[in-house]
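J.: Now for the letters of each chain:
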Amino acid sequence: MAYPIVRYLIPPPIPEANISSIRVGSVGDFSPETGIIFQFGRIPGILIRLENGQFKAFSATCTHLSCIVQYRGDLNQIWCACHNGRFDLTGRNVAGPPPRPLEEYDVKLEGEEVWVTKRA
Amino acid sequence: MWKRLRDWIDQRFETGLLIDFLKKKKVPHGKGWFWYYFGGVALFLFVVQVISGILLLFYYKASADSAYESIRFIMSQVKFGWLVRSVHSWAGNLMVLAVFIHMFSVFFLRAYRKPREMTWISGVILLLLVMGFGFSGYLLPWNELSYFATKVGTDIIGVIPIVGKAMMTLLRGSEEVTGATLPRFYGIHVAMLPLIFTLVLTTHLIFIQVQGMSEPRGWETVPEEKKVHIPFFPNFVLRDLLLWLIVFNILAVLAVLFPWELGQKADLFSSAPAGIKPEWYFLFMFQALKYIPGTVLFIDGELLGILAFLIGGLFWLLIPFLDTTDDGTARARGIKLGGTFILLFIVVMTVLGFVV
Ligand code: FES
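From first to last, the protein sequence lines are chains A and B.
With numbering that gives the first Met the number 0 applied, the first sequence covers 0 to 119.
With numbering that gives the first Met the number 0 applied, the second sequence covers 0 to 355.
No lab work stands behind these hints, which were simulated from the structure alone.
Each hint should be verified, as a subset may be incorrect.
Stated by the list, open to error - Okay, derived cross-link-like pairs now, DSSO-like style, lysine-lysine, Cα gap no bigger than 30 Å in a straight line:
| id | chain 1 | residue 1 | chain 2 | residue 2 |
| --- | --- | --- | --- | --- |
| 1 | A | Lys-55 | B | Lys-225 |
| 2 | B | Lys-264 | B | Lys-276 |
| 3 | B | Lys-264 | A | Lys-55 |
| 4 | B | Lys-24 | B | Lys-264 |
| 5 | B | Lys-264 | B | Lys-30 |
| 6 | B | Lys-25 | B | Lys-164 |
| 7 | B | Lys-276 | B | Lys-289 |
| 8 | B | Lys-113 | B | Lys-225 |
| 9 | B | Lys-164 | A | Lys-117 |
Stated by the list, open to error - Restraint ranges, calculated between C-beta atoms of paired labels, are given here:
| id | chain 1 | residue 1 | chain 2 | residue 2 | range |
| --- | --- | --- | --- | --- | --- |
| 10 | B | Val-346 | A | Ser-30 | 15 to 21 Å |
| 11 | A | Gly-52 | B | Ala-165 | 41 to 47 Å |
| 12 | A | Ser-30 | B | Gly-274 | 21 to 27 Å |
| 13 | A | Ile-13 | B | Gln-263 | 47 to 53 Å |
| 14 | A | Thr-116 | B | Leu-96 | 27 to 33 Å |
| 15 | B | Phe-107 | A | Ile-13 | 49 to 55 Å |
| 16 | B | Ala-190 | A | Asn-83 | 33 to 39 Å |
| 17 | A | Gly-72 | B | Leu-240 | 55 to 61 Å |
| 18 | B | Gln-263 | A | Ser-20 | 39 to 45 Å |
We put the beta carbon where it would ideally sit given N, CA and C, even for glycine.
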């Protein structure tokens, strides 16, 4: 009797949209020293434009307890509001409780368009 | 007419027995009597929760697209909707507080000792259920704070080795906190927990009725004629009612003067807002986890923290079986010290959670 109930409670898998690359916007949309959250399939990602105009992208899910991180211009770091976790701009966990670095994505510019790609 | 009605009932359900029972029932009236009333306060607030909760059900819609809007509708369009919601939120908080006070007073009065072990255990289960109510209800407005609080809270469950991940998915209804999580929490909050809670609460109350209230410590040596008791009915009941009235007034003032806010609607793709905190009764755990580094000797810091909490909880649950000696022995003092430490820890961490 328990078996059907337990099986019922386990949610059926939702087919994963296998996106490995996505266009986030065009260069002009992002001013230097800002970060935005974008949607990578069902996963949030963060795209940061550095002072020198370069782009960086990471998974935005904090490696601590899965809050969504943000870019803090004043600290020049990626910051997680949940427990004050910090990552540097290479994604390395540098302060607070996060145990691992953020997964880094590749950013490519195709003309004016900003594309983010998951690393294989 | 009253007499006829009473006779009618009497012939069918010997009410005389109940009245006799109530007349004979006595409550010890000694040192610490004040603390005897907090269980009743918690019970009263539970009734408030059931009533205000049922009222909210009439308008609330449990889906990610409409939950937030339905509460905004309750608060802005429905007459007294803001009041009902505010009462529900405030009474929930006060109930957790009353349960905590009740539990620590039972602890310090050592009222959990033989033969009341099972009353204590059912009480600890009730506390966990109350926290479950708080946790599941918190998500229902589907706002930013509740979304991230649920994310963090359920992620913590995922840290538990072996079963954690499966439990987390079961609770979330998907791997992440999404729109699929909301109906689950809703079902848990309005159907599953109330059912379990009512059963455990009934058991808890039956235990108390069968065994009577515990006598203050030190009464074993007091001669029978020196012990002061007050009749349960009407004296104790009237005092209870008076206190309930006071609590009700406090609740009304809080609900009216500090209406519960709704906040921003949850956005699954936006950063966690600064200053994010869980409800105050989870704050001590939240704060303590902040102080544990990411890894301690190769062990995940989180896991270590959770294990510490589990051990603390187990110690708390088993107290009646650990504390079996008389007053004044080293073991009795050790237990008291342990409990005092837990209380201090909770208070200090909660305060730190508020100020830093
Ligand atoms: S979830 Fe990011 S620091 Fe805890």
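J.: Are the hints correct? Go through all of them and say.
T.: Status of the hints after comparison with the structure:
{"no.": "1", "hint": "A/Lys-55 x B/Lys-225", "in the structure": "violated, 79 Å"}
{"no.": "2", "hint": "B/Lys-264 x B/Lys-276", "in the structure": "holds, 16 Å"}
{"no.": "3", "hint": "B/Lys-264 x A/Lys-55", "in the structure": "holds, 28 Å"}
{"no.": "4", "hint": "B/Lys-24 x B/Lys-264", "in the structure": "violated, 52 Å"}
{"no.": "5", "hint": "B/Lys-264 x B/Lys-30", "in the structure": "violated, 50 Å"}
{"no.": "6", "hint": "B/Lys-25 x B/Lys-164", "in the structure": "violated, 50 Å"}
{"no.": "7", "hint": "B/Lys-276 x B/Lys-289", "in the structure": "holds, 12 Å"}
{"no.": "8", "hint": "B/Lys-113 x B/Lys-225", "in the structure": "holds, 23 Å"}
{"no.": "9", "hint": "B/Lys-164 x A/Lys-117", "in the structure": "holds, 25 Å"}
{"no.": "10", "hint": "B/Val-346 x A/Ser-30: 15 to 21 Å", "in the structure": "violated, 46 Å"}
{"no.": "11", "hint": "A/Gly-52 x B/Ala-165: 41 to 47 Å", "in the structure": "holds, 46 Å"}
{"no.": "12", "hint": "A/Ser-30 x B/Gly-274: 21 to 27 Å", "in the structure": "holds, 25 Å"}
{"no.": "13", "hint": "A/Ile-13 x B/Gln-263: 47 to 53 Å", "in the structure": "violated, 26 Å"}
{"no.": "14", "hint": "A/Thr-116 x B/Leu-96: 27 to 33 Å", "in the structure": "violated, 52 Å"}
{"no.": "15", "hint": "B/Phe-107 x A/Ile-13: 49 to 55 Å", "in the structure": "holds, 51 Å"}
{"no.": "16", "hint": "B/Ala-190 x A/Asn-83: 33 to 39 Å", "in the structure": "holds, 37 Å"}
{"no.": "17", "hint": "A/Gly-72 x B/Leu-240: 55 to 61 Å", "in the structure": "holds, 59 Å"}
{"no.": "18", "hint": "B/Gln-263 x A/Ser-20: 39 to 45 Å", "in the structure": "violated, 31 Å"}
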